[in-house]
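2 protein chains.
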Amino acid sequence: MEIARRVYRSYGFSPIDTPALEYLEILLGKGGEETDRQLYKFQDHGGRWVALRFDLTVPFARFAAEHINQLGIPLKRYQIGTVWRGENPQRGRYREFVQCDFDTIGTKSLAADIETALVINDLLEAIGFQHFTIRINSRLVLSGILEHLGLEEKAVPILRALDKLAKVGPSQVLKEIEASGVAPEKAQDFLERVTSASSQGSNHEVLQALEVAVGSSRAGQEGVANLREVLTGVEAAGIPADRVRLDPSIARGLDYYTGTVYETFLSAAPEIGSVCSGGRYDNLAALYTDQELPGVGASLGLDRLLAAMEKLGMVPSAVTPASVFVPYFDPEHFHDYLRICSGLRAYGLNVDFYPEPKKLSHQLRYADRRGFPVAVILGSEEFRSGVAKVKDLRKGLETTVPLDAEYHKLREAIEAILCGETPPAAE
Amino acid sequence: MEIARRVYRSYGFSPIDTPALEYLEILLGKGGEETDRQLYKFQDHGGRWVALRFDLTVPFARFAAEHINQLGIPLKRYQIGTVWRGENPQRGRYREFVQCDFDTIGTKSLAADIETALVINDLLEAIGFQHFTIRINSRLVLSGILEHLGLEEKAVPILRALDKLAKVGPSQVLKEIEASGVAPEKAQDFLERVTSASSQGSNHEVLQALEVAVGSSRAGQEGVANLREVLTGVEAAGIPADRVRLDPSIARGLDYYTGTVYETFLSAAPEIGSVCSGGRYDNLAALYTDQELPGVGASLGLDRLLAAMEKLGMVPSAVTPASVFVPYFDPEHFHDYLRICSGLRAYGLNVDFYPEPKKLSHQLRYADRRGFPVAVILGSEEFRSGVAKVKDLRKGLETTVPLDAEYHKLREAIEAILCGETPPAAE
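Each protein sequence line maps, in turn, to chains U and V. Each residue of the first sequence is one higher than the one before, counting from 77 in my numbering. Each residue of the second sequence is one higher than the one before, counting from 77 in my numbering.
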């Protein structure tokens, strides 16, 4: 969450929080039948029906409709918040879970679509991933193919079916498309155009295949041009070429997407599904306001990502937010400990002082469990000589420094360890 | 919230989150009748009664009881979370609000009591307050006075009455104490000992008055000694002497406090009440475990603090998390904008690029509304000459720098403005 905040803020997204509880009528009917059924709802003390939000998008749409004139556009907001769904818990799926959304609303510019991909890239890199693919498509391209085949009116069931391609395979998707009243050969043609474009070697070849697939559809041609612009933009911004992949089979299940759509797959854990997904919508808040609010955004699925990170051994088992551990040896010098710890904190170091002069083994067990990188050891001997021992707890190396003015040498030794350098005098 | 996180972490407190929903029986009867009545409760899809937490302490007690053996002691945790109470909203009091708690559990050492005061001090300083008072008392001192007067058995109603002293005045407090069955002259004696000690000029004189007030009570004497140790400790750590004030009339309403108690008042907004309160408890998790879990902690009341900050004009009306605004002038150079923005972000700057090449007045209105301190202006002319204009948006000053390798000069000019220096070449 800290990393998501940092990355979102580095692009100028501001935090906006909305209440967890909304009036029931705001949430009902916005996410489909299943979501309605999963709502945690009850009557408040005034007898009004309220419910816990099931995502961050619907409350944000309500909020944006209410406040957009005051806030002005474009509006770039992020929100990290808990959402609730009364479903059966599974690995990486819980009844109470956290979403990390970011959206730019009030602009149709592809600059915002490009930025969405950049944010996803920076986010996953900052979390520690090197190998992942942002799969990009445009709903306009899919609409174009449908238009070319005269299937516009079946767009909703066809795209919902296509969205399940990776999960259920092509024959099941075909079955589902046909079930919505599409002729088998038309369904076949649609799916072949999508999958044959998808299977091209390079993004450039995918674009060429799509140009053919959309035929004379203007929407489709616009979609292809948009994808080309998004691709060249993310490349210009410096994203490694193999990170972004055009994939015409990416549809996203939600009906409100109208332009670029995004899914993000970890190379080491593709089975976990997309960890960061989103897309462009023409009008997020149509249900709540007459004003047009186009936008684009995506959401990091934190619990799913954590499940993947646990599997990949990327979640350290013991972490303290403090880098410096100060064991408590000598009660005579209690006030000196307090002074030194406050002094180091004033320089931006996070310092944890053990609260009791317990046996060293106790204190070291604590330090070990919490995973501090550095210990500053101050015993009676050190106080007498006006020095401190600085210990690299990961390497087991130790150095002795004088307690000079402003703890200059002490801070230098601590920072050398935190930067991974070996302290000058090793034991 | 960002500041609270930073300060808590600087002392080694780790974040722990618990679910917003708990089984009803975990929460019922823990906060008194009023809290029970205010609970938002309902049956989940499996027919079990659940409720939204009304504070962070009770769920943490449940969590600590369950996991303490695995986590080890001392355990320093912070939690910033939403809580719900179905009460009538007032200024600074809402049905859904945020608490910022920090606690050290598993130690009886006064080092943790001292640290609690240090954290409160650093927190308010970091938020931007200079003038505030941390009022400290010890429940042991109050117990000592009660013991000395033979009133131990009436401790709960007497301390609950005393807690309202600032709000309702002494005669109302006396009435309430008497209503619990205490003889008027005893009630008078108790209140006089407390208030006359409170009204002493210096902390040292308060301690002297308390030594008399607790008579021969051992608990009372221990309380006085503890307060002395806490006071000298916070002084040794460098807190300005007028920030911490002994106040024997501070009782805290909650029954579970047993040692040091804390309240924090802003000099410019005392009427808002305590913005950060807490205390030491002998056994937080007694209801859920047999293991003894003593601890000490406090909670920042974020909504109350914000109400005070709004009143004092401390909340900026428009804020962006980005310091650098890059207006979009020249579509020909779209990719150059992307490259430069990414380049600056890679050096840790937060950069917001306007998504459309709209009229300058539009873009400047956006920048003004959001409150960016710096704009980097890149028009056709600048791209041609290989320079950028860097504008200090607060001072209206502008400087021109070359777009050299790694944007060295550009970053230098931006950082000069962010540090409040005047750029070298003023217009």
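Bear in mind the hints are in silico, worked out from the structure with no lab data behind them. Fair warning: there could be bad hints in the mix.
Claimed, not checked - Pairwise CB distance ranges (calculated):
1. Ala-481(V) - Gln-276(U): 29 to 39 Å
2. Ser-272(V) - Gly-122(U): 43 to 53 Å
3. Leu-388(V) - Lys-435(U): 16 to 26 Å
4. Gly-123(U) - Asp-379(V): 24 to 34 Å
5. Leu-363(U) - Leu-388(V): 37 to 47 Å
6. Asp-412(V) - Val-244(U): 21 to 31 Å
Note that the coordinates shown come from a computational prediction; the quantities given were computed from them, not determined experimentally. Cβ coordinates follow ideal geometry from the N, Cα and C atoms, glycine included.
The hints, checked one at a time:
1. Take Ala-481(V) and Gln-276(U): their Cβ atoms lie about 38 Å apart, and the range 29 to 39 Å holds.
2. Between Ser-272(V) and Gly-122(U) the Cβ separation comes to about 47 Å, which falls inside the hinted range of 43 to 53 Å.
3. Checked against the given bound of 16 to 26 Å, the beta carbons of Leu-388(V) and Lys-435(U), roughly 49 Å apart, lie outside it.
4. The hinted window of 24 to 34 Å between Gly-123(U) and Asp-379(V) holds, with their beta carbons roughly 25 Å apart.
5. The hinted range of 37 to 47 Å is satisfied by Leu-363(U) and Leu-388(V), whose Cβ atoms lie roughly 39 Å apart.
6. For the pair Asp-412(V) and Val-244(U), the beta carbons lie near 45 Å from each other, so the given range of 21 to 31 Å is not met.
Hints 3, 6, counting from the list given before, are not met by this structure.
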